[in-house]
Structures are given as structure tokens and as C-alpha cells.
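Peer 1: The lines below spell out each chain.
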Amino acid sequence: METPAIPVPEARSAIPASLRGILPVLVALPVLALFQWLMSDAPFASYLLSVVGVNIILAVSLNIVNGMTGQFSIGHAGFMAVGAYIAGVMSLNLKDVALSFLPVAASDQVFFVASLLVGGLAAALCGFLVGLPSLRLRGDYLAIVTLGFGEIIRVVVQNTDAFGRALGLSGIPQTSTPAMVYFWVFLTVLVARRITGSSHGRSLWAIREDEVAAEAMGVDTTGYKVRAFVISSFFAGIAGGLFAHFVPIINPGSFTFVKSMEIVVMVVLGGLGSTTGAIVAATFLTLLPEGLRSLFSVLGAEGSLAQRVDQIRMPVYGLLLVVLMLARPQGLFGTKELWDVLPRWIPRKRKGLA
Amino acid sequence: MSALVQETKAEAGAPMLQADGVSIQFGGLKALTDFNLTVRQGDLLGLIGPNGAGKSTAFNVLTGVYQPTQGEVRVAGQRVNGWLPHQINHLGLARTFQNIRLFRALTALDNVKVACRAQGALHPEGVGLGTKVKGAFVNYRDWWRALLLTPRFQHEERELTQQAEHLLEVMGLSHRRDEEARNLPYGEQRRLEIARALGTQPKVLLLDEPAAGMNTREKADLMVLIRKLRDDFKLGVLVIEHDMKLVMGICEFITVLDHGETIARGAPAQVRSDRKVIEAYLGDSYLESHGGAA
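Order-wise, the sequence lines are chains A and B. What the first sequence shows, in my numbering, is residues 1 to 354, in sequence order. What the second sequence shows, in my numbering, is residues 1001 to 1294, in sequence order.
Hints listed in this document are in silico derivations from the structure and should not be mistaken for laboratory results. Please read these numbers as outputs of a predicted model, since none were measured by experiment. Misleading hints may appear alongside valid ones.
Claimed, not checked - To give a feel for the contact side, a few chain B residues facing chain A, derived at Cβ under 8 Å:
1) Tyr1066
2) Gln1067
3) Arg1095
4) Gln1098
5) Arg1104
6) Asp1110
7) Ala1115
8) Trp1144
9) Thr1200
10) Met1214
As the list claims (entries may be wrong) - Simulated coverage check for chain B against chain A, where a stretch passes if three residues somewhere in it have a Cβ under 8 Å from a Cβ of chain A:
11) 1080-1086
12) 1147-1154
13) 1192-1199
Claimed, not checked - Derived Cβ-Cβ restraints for the label pairs, each shown as a range:
14) B/Val1224 / A/Leu26: 49 to 57 Å
15) B/Tyr1186 / A/Pro16: 38 to 46 Å
16) B/Val1224 / A/Phe284: 53 to 61 Å
17) B/Pro1185 / A/Ala33: 33 to 41 Å
18) A/Leu26 / B/Glu1179: 35 to 43 Å
19) B/Glu1179 / A/Ala106: 48 to 56 Å
20) B/Arg1152 / A/Phe284: 33 to 41 Å
21) A/Ile144 / B/Trp1144: 43 to 51 Å
22) A/Gln36 / B/Glu1179: 40 to 48 Å
23) A/Leu338 / B/Arg1104: 21 to 29 Å
24) A/Asp96 / B/Arg1141: 54 to 62 Å
25) A/Val97 / B/Arg1152: 21 to 29 Å
26) B/Arg1152 / A/Gln36: 48 to 56 Å
We treat Cβ as the ideally placed atom computed from N, Cα and C, and that holds for glycine.
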């Protein structure tokens, strides 16, 4: 084919090309530092926001597989569990080790990040092993396999001494901070957005739209599906690792099928394929029970209703999903992002995925 | 055999796509029997036959969707039995679909860019485990560039956009650039499919009933367009078509299938007067009442 003779135009952006890659990080770091300073005296808010953050990571990462690629994974809690337990056990064993050339707090953070990464990589490896055979096939196989994987992980944990069996792991150093959680939220969102805007993202969308056509157009569909799945699993593992470092105890009960479905609901509610949708939905669905709980306490229904919030959560989710499917099957935002659905006074990006 | 292939490969008009005694069987059903075909650069070939004759099956075998039970398919001199469709595509074989298969929720531009990308990346050829592992790593490097938004990645992205815009222009779709594919009128969807196929920089283009659902004028335009594409993009083109007028009008060589068997091959005039072809299309009763070949 003749290549067009016109030279490729330079970017019209005011930001130099070499800076665009790193710019979000430069903006995020001071913001996170400020956030950390604000949160230093608010333990409950810190905890709650950390939970929100972990759920955002889970939802955004699951959205890469379920939303962008159009596959259906329902075992995300399993990958979270892998990350949580691997990172947890590692931190537990390295609790008393410190890097002598660093202050204790800094040394703790180094080990914490190392544990997180090991947990994330372990989850990614599981994602690869689970994804490779099941993603070669089309249709519902992935759902079945991931469902099974989630249960297997839970059962393995329940029967392994190193993982504390059904009692769970306690005493993991509580080294997580809201800033660290939101740093990973930031990274997850950045990765998701950059995938969307790249040729890889387009290939994933193409697979979602029509796998046969994508394959015929030279997209290595199996390869792309596996890679999306591995990336998604990695971040689920990170989310698990973070979780393990701010809750007092992790046990298999935290990573059941119910948790997986919770994440699926978040993604579906936000709109399959919408990263900001996943963020909004994850935040909403995490804060909702808290909101209800406070509401009931204010109403003076302390003993009865407030405690039942957790029990009625799943029926509420179910109801929410049914209503959503009837009223707005594409989810809150569909495949669009927040800024596409906001009113006109915010200047819109040009249409298209990039 | 292989010596012969080597020899012809060196020539200017080397076959870009070759089917050698290809047969395919689904259980007891012989969908295609001893199918032979050669497409060279600059060829404009037709593949016709009544409904269920095996035309689309032939396309699917050539593009790797089905595996031949017998015989072999060669693309650019490379034997591709057992290869996956995307690997065959990378060798230079692109297709459109009978029932339009665009990426419906993507814009026209992104539809074409998907195809452009796939070709731009490095893709090791072959079916072995080693090449797969190698491919995975090449691709990961590519992912990092995208995630870090390196200047090189940004440049590539603009290059792709430009390539895709150029193709949209060639197909007369520039005004639909940012429109979702599903919102395009039927005729434009067909053209977008061709633009997308061209995005993969093919050497051979397979068109599966490109004129289906078009009116007479659109068909006439399409005929001109297909010829122009063949010349401008230096393609070999293979067309499946029901519309005899279109096929006879543009194809220089026609293969006729019926019940999976090749019943005639030759120039349009020759095929049109072939007794077997008339029989397959119009039935024996027509022949009886009209006294032999027309």
C-alpha cells in the first residue's frame, strides 16, 4: 500500500510530548501528600476511604476485562485473596526486619510496597494460568472457570496453616495509609485510561464488539484477552495486598463469591466499559451501607436496623441490579466517561476512544 | 513441489494466495472438494455459485477460520495450514464479511485504526510455542510504551490516525470519521468494512458479497471502486458475488462452485455458456426447454 506522503503532524498540545507521560504523576504526588496530611488525624475516615479506594481499584481493574474486553469474569475476589494472603504472609514474616539506613517508618513502607508487588505479581501469575486455557474459548467458559478459581482459592486458604485457615491472618503490620491506597487507585485508573487511548485498548474494544472480525483484522484475540486478564488480576492482587495492611484481620470470609459479585455489580452499575463509571459506582456502593448505618443511628434505631445493614446489603444489590437492567441496561454511563455525560458547560473531548 | 514454489516466488507475478486441492469435511458433509485457486497481484477473480455451494466456506478455509481436511493453503508462499486467522492476516490476506461485521460501537476512524495497528506491531510468524512466547514479550514492550505514553508511542498513534484518515478518504467516508459504525447507512458500512480490511495492508483482498443489498447505481460505483483499489493498492482481489452482472463485469477469471465442487473455471464469457453452470443456476428443466447451452 502506498503510504500517504503527508508528514505526520506534531501534537497540537501545549504540553511537550516527553512530559505528557509523566505529568499525571507529577500532579498526583503533591495531591496525595496533601491528602495524607489531611487524613492523619481521622482514623475512621482513613479506614473508610481506604475501603473505598480498594473497591475502586477492584472495580476499575475488573472493568478492563468485563467492560472493555467484553469477557465475563466473576472470580475477582479470588485474585484479591491471592494478593492479600501473599502480601500479608510476606509482611508478617518481615515484620521485624528493617533497613538500617532508613528511618523505621520509611523502611516499613519499602517492605510494604515490596509485599504489595509480590502479591500483585502472584495474582497476575494466577490470572495468566487461569486465563490462558479459558480465554482461548469464546463465551461463558471464563465465567465458569473464574467462579471455580475463586472458590478453590478460598478452600485452599481455609485449609492451609500458613494462611491461618478459617481463623485468618492477624498481626499483619498496619502499614497502609490512605495516600498509599490512593496512589494505587491513581495508578490503576491511569493504566486503564492509557490502555483505552491506545491501540491495545482499541483491540480490546474490537474483541468486545466482534471477536471473529477482530481476529480477521489481525488482532491476536487470545493474546489480548490474556494480557487484559493478567493486568486486571495484577491490580486485584494489589487491592488485596492493600486491604490486608489496614484491616486488623483477613480471613477467607472476606473473599467469597459474594465479594466477587459485589465488584461485578459495581462495574455493571457504572456501565460496562466506563472507567469513571466504575469509580463512581464503587464509591457509591461502598459508602451506601455506611450512609444507611449512620442514617439509622441518627433515627435512633441503633440496635436493630443499623446492625442489619450488612445483612440487607446483598438483597439491595440484587434489587438495584434488577432495576438497573430494566431502566438502564447499559449502566450509569454506558461506555462513556464522566466528562462525556456531564452538561455542556464543561468542554468535551472529541468523540472517540482516544 | 517446493522447488516449483520457490521458483515461482521469485517471479514478478508470484502467487500471493494459493489453494491446492483443498477439501473440507464437516462430519459426513463435504463442504468443499478439491478446491484450487491462485491469486496474484493485479488479479481480479470471481467466486460464484448457487446458495450453499461452499463459497463462504472457501473464504473461511483461506482465512484460517476453518482448517482444511485435505490439501494446503499458501499465503505469500508460506504454508498456513493450522495458522490462526490473525496470523494469516499478517501475511497479507484481508477480508470483508457477507453479513457486515463492523465494530459497531466504535467510530469509523477507530474501526480502521484497529486494523492499522495490528499490522504495525511486530508479529513473529508460525504456530510453535516458542514464537508465541516471543510474541508475548514483543507485545509487552509495546504495552509499556502505551502505558508510559512515550513520545514514540504518541508519534505512532498520530501516524495510525493519519493512515486511517487516508483510508477513510479513499473510501469516501471522511465525513463519517467520528460517527459510530452502527449509525452509518448500509452502503457506507460496506465501504467502511473495505477500508478496515485495507488498514491491515493486505496483498490479497477477499470480498464476500460486497454488493449485497446495494441498488444498481451503488453497484456500478462499487465496480469502479474495486478496480481502482486493485490498481492503487496493488492488490489481488477475490470476490464472492451473487450478482452475475457485477461478477461478469469486473472479474477476469471466474471459479464456479456447486455442492462444494468446482464445476467450471475460466473467463466470464466461457463460464456463462458452460452447460454445468447453467444447470446449477437454472436447473436441468431450463436446459431441456431451451435445448442445450445458451
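Peer 1: Of all the hints numbered above, which does this structure not satisfy? Sort the numbers upward.
Peer 2: Violated: hints 1, 2, 4, 8, 10, 17, 21, 24, 25 and 26.
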